[in-house]
Amino acid sequence: MKMIYLDNAATSFPKPDVVYDFMHDFYRENGVSPGRSGFDASLKAEELVMETRKLLTELFHPGGNPNRLTFSYNASDSLNMIIQGLAEKGDHVVYTRLEHNSVLRPLHHLHADGVIEVTQVGFDARGYVSPAEIEGAIRANTKMVVVNHCSNVLGTIQPVEEIGRICKKAGVFFVVDTTQSAGVIPIDMSSMGVDVVVFTGHKCLLGPTGIGGSYVGEGVPVRPTRFGGTGVRSAQEAHIEEYPYRLECGTLNMVGVAGLNAGIKWLINEGIDVIHDREMRLWDRLRKGIQQFENVVTYCADGVEHHSPVLSFNIRNFEAADVGTLLDVDYNIACRTGLQCAPGVHALLGTDKVHGTVRLSIGPFNTDDHIEQAIRAVGEIAGMRK
Amino acid sequence: MEIDGRAFEVDDTGYLTDPSIWSDDVAGLIARHDGIPVLTEPHWAIVRCIRRHWEEKGTAPLVRSICQTTGIKLKELYELFPLGPSKGACRVAGLPKPDGCV
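Top to bottom, those sequences are chains A and B. With my numbering, letter number 327 in the first sequence gets 327, and the count goes up by one each step, no holes. With my numbering, letter number 96 in the second sequence gets 96, and the count goes up by one each step, no holes.
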């Protein structure tokens with residue numbers, strides 16, 4: 001029985017063939033240090049890096065400066081750099097209960113060390129943050145507002161445009177974590193009033209693991225918090241201040257950049273809207289299919305609008321992990337169970353008491369048949385303990 | 001933990017702290033404590049599979065491997081051991097709390 005992969009919110013899988021092929025071919029032919037030397041392979045590697053910066057810049061900030069698009073290991077890595085590089089002693093930070101530990105933990109440590117004050121904003125019964133509540137949480141010493149564009153537990157897409165307007169009016173920096181949305185939900189930093197976008201490559205952008213990054217807008221004073229080799233001005237003692245070097249040190253993950261490059265091109269070629277619409281059609285079928293079982297409880301899944309193809313649910317009288325194991329072993333369906341690294345969501349939903357939820361998340365290579373099999377499997381498991 | 005007048009030292013989650021005291025009788029007692037009145041042949045197939053793996057390798061087997069070895073679907077395992085493979089079957093097999101394989 002072939003695995004049915006419904007854990008795309010963790011890592012999209014499989015990737016388009018062109019991603020595997022390009023990573024392999026490029027790394028075989030030009031897998032060297034980009035821009036550090038003048039030989040052909042190094043120049044080609046640097047060209048690929050710059051082309052990928054441009055592709056991502058067009059995705060987040062059309063017409064922006066591609067040098068402000070910097071690469072890292074993943075979104076957690078960039079969120080650490082952005083949060084620690086922006087926060088200063090005495091600052092206040094507003095964030096939401098929808099945040100992933102990649103935001104919660106950096107904030108926790110800064111708060112625990114007495115560096116910052118924090119205010120957490122909740123979400124409503126449908127899984128959306130209230131812009132008015134965020135506005136109410138902003139104080140005179142608020143430095144930044146951090147919002148998860150799309151919840152990795154609930155799939156709800158937050159009203160970043162409205163929040164961006166509030167942040168601009170209040171003069172605070174607006175950091176958006178697009179880990180679950182980059183590549184499927186349009187993001188425009190200018191029109192949305194976003195100062196910093198953080199992304200990862202291995203989810204909707206269809207690249208491999210180990211590559212992510214951020215775009216930092218003009219006038220956002222992110223201090224570098226790690227220092228090292230940049231390949232330029234090597235005699236200088238201090239780390240280079242200009243972008244992209246400011247937030248990059250050491251040799252880039254070239255195979256990651258190559259895969260990300262091919263993934264983005266594949267997305268653009270297929271059509272981001274086309275892929276999202278198809279995934280949401282499958283999600284809607286899945287949602288309605290499992291909601292028909294009386295002992296299945298879905299969370300914040302009442303329609304496709306402002307939603308991504310992520311579905312969290314539980315079956316009464318089962319722990320989430322048991323459902324996940326049953327789906328895996330008896331039906332060969334891969335999913336994610338537990339708190340999904342977002343404990344604040346579960347604390348508010350009350351699902352922390354049953355050790356989280358079962359999460360099914362759809363990707364570009366899922367089919368109608370996968371969804372029908374998943375519905376049937378959930379129905380059979382639910383039928384075990386009515 | 002005391003079952004039918006016999007006392008067992010268990011950890012805070014109910015797993016035996018000393019797996020060497022395990023026997024078929026002990027398995028039956030833990031099962032009764034969990035609401036399984038009699039261990040049937042399919043119960044024993046699962047228990048012996050888990051026990052054998054633990055005695056050979058010192059770890060609990062993967063759930064998939066229990067199902068493959070015994071030919072019992074996981075759904076059926078949950079019917080036999082309502083607490084599931086870890087909290088149910090592994091406890092009855094006298095294993096200490098698994099680290100996460102099961």
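These are computed hints drawn from the structure, not numbers from a lab. Please note: incorrect hints may appear among the correct ones.
Okay, derived cross-link-like pairs now, EDC-like style, lysine to aspartate or glutamate, Cα gap no bigger than 16 Å in a straight line [as the list claims (entries may be wrong)]:
1. B:Lys87 <-> A:Glu319
2. B:Lys97 <-> B:Glu9
3. A:Lys386 <-> B:Glu79
4. B:Lys75 <-> A:Glu218
5. B:Lys73 <-> A:Asp328
6. B:Lys75 <-> A:Asp328
7. B:Lys73 <-> A:Asp25
8. B:Lys75 <-> A:Asp273
In this text, all values refer to a predicted model and were calculated from it rather than measured experimentally.
Has the given pair, Lys73 of chain B with Asp328 of chain A, been kept, meaning a C-alpha gap of at most 16 Å? Holds - the C-alpha atoms of Asp328 of chain A and Lys73 of chain B are around 11 Å apart, at most 16 Å.
What's the verdict on Lys75 of chain B and Glu218 of chain A, does the C-alpha distance respect the 16 Å limit or exceed it? At roughly 56 Å apart (the allowed maximum being 16 Å), Glu218 of chain A and Lys75 of chain B break the hint.
Pair hint outcome, Lys386 of chain A versus Glu79 of chain B [Cα-Cα no greater than 16 Å]: Distance of about 13 Å is within 16 Å: holds.
Would the pair Lys87 of chain B and Glu319 of chain A pass a check requiring their Cα atoms to be no farther apart than 16 Å? 12 Å, holds
For the pair supplied as a hint, Lys75 of chain B and Asp273 of chain A, confirm whether the alpha-carbon distance does not exceed 16 Å. 39 Å, violated
Given the hint that Lys73 of chain B pairs with Asp25 of chain A, test it: the Cα-Cα distance must not exceed 16 Å. Violated, because 43 Å separates the two Cα atoms, which is more than 16 Å.
Can you confirm whether the C-alpha distance between Lys75 of chain B and Asp328 of chain A stays at or below 16 Å? 11 Å, holds
What's the verdict on Lys97 of chain B and Glu9 of chain B, does the C-alpha distance respect the 16 Å limit or exceed it? 13 Å, holds
When the structure is compared with the earlier hints, violations turn up for hints 4, 7 and 8 and for no others.
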